[in-house]
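Numbering-wise, the sequence shown is residues 1 to 417 according to my numbering.
Derived CB-CB ranges, DEER-like:
| hint | residue 1 | residue 2 | range |
| --- | --- | --- | --- |
| 1 | Gly230 | Gly66 | 48 to 56 Å |
| 2 | Ser207 | Gly245 | 23 to 31 Å |
| 3 | Lys202 | Gly113 | 39 to 47 Å |
Please keep in mind that the hints were generated in silico from the structure rather than gathered at the bench.
Ideal Cβ placement from N, Cα and C applies to all residues, glycine included.
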Amino acid sequence: MMTRDDGMVASGVAGTAESPEMSDQRSEAAGLSRRLALVLLGGAALAACSPMSRPSGDGFLPAPTGPAISGEVLGTGTVRVALLLPKTAPGNGAALAMAMQNAASLGLNDFAGNDLTVLVKDTRGTAEGAAEAARLAISEGAELIIGPIFAAEVGGVGPVARAASVPVIAFSSDPSVAAAGVYILGFLVDGQVRRVVAEAAKSGRKSIAAIMSQSAFGNLAEAALRQEAGRYGMRVITVERFSAGGEAKAVAAVAAVAAQIDCLLVPEGAGVAPAIARSLRSAGVDLSRIKLLGTGVWNDPAVYNDPALTGGWFPSPEISGFSAFASRYRATYGSEPPLTASLAYDAVVLAAGLTKTAGAQRFQLSVITNPEGFLSSVNGLFRFNAFGTNDRGLAVYEVTGSTPSLVSAAPRAFTGA
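Take these sequences, add in the hints, and give me the full structure.
As structure tokens, this is what we get:
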């Protein structure tokens, strides 16, 4: 992972004149940016290593400096960061936690010369457990918290971390838990919708409809659709929302106005989107004329290989990056990583890179929220916004019935504020 960071330090007060001290800070941060761009580009060269993990059982590990460390750690560096995962959560939480920890370990090993010790703490999958894990990690010297995964856990961690002035880079994709100092790294549906709708508009399409679930996910998708359609002057003919089992009514409503639309957003996954497409065709809708649009949940082999969605477009980080990561993960751990695991890899490599290049400034909010962002070898370009959400540079792919075809490459730099 490298950064394309100009280091601009925000004053935090709109309309306030910049003092000479602030100007000096900006110049210093700009210089830091150039060092980050050079050092992080070379610093994440791959190294074939086994995971650096050492359990301590119920005892404590002595530390060269700082408080004693309890529990499992990754790495042996002098800078401590925490990794909060639902290791004993019910359901699939524990399995996901293991995959995330494996990916974090892989990232630590891939970043040559890193100076991190990662304190692995169990959240138990609850807000209360996450808050306890955060307090323990901070008491043991963690300067940054990576994780947790679930929105409720992030809600528990946020107040604890902010009270201690320790930033959080969480894996959630729920923007409601983001805040200044609590940054979410998950793939956000609004950015995905904006990207694919923008691509449809740029390809000459003028009118759009949508079929989406009655859910928080659907609410975010609809808001992003309307915003982006308005930006490009596209007409939103109808947005049909459905509850579970109610897709038929939504399909009928769209079929009734099909002559007025040239693209259709269906931001649902492999269990729903193909069935909707088949129902539309059965209702006489010509999907060879109407471009189907999806979201990142289409980045799934079950979608790639489903003929019902052939020709549809979806946004995603460039697939080759995750494929290379997955290959290394399989070689190390003998299993397939979930897409979410790549977020743990990115977060640890980012922490290692900032530690190596930014010195005492490494986890300052002005560094973490640099508007030019960071470039991951796995998930591409991303940046954190001041209030905790993120922007991503996404590609657009077309479903072909086998390997997706690249329609529009992901950007390599942000061009706007």
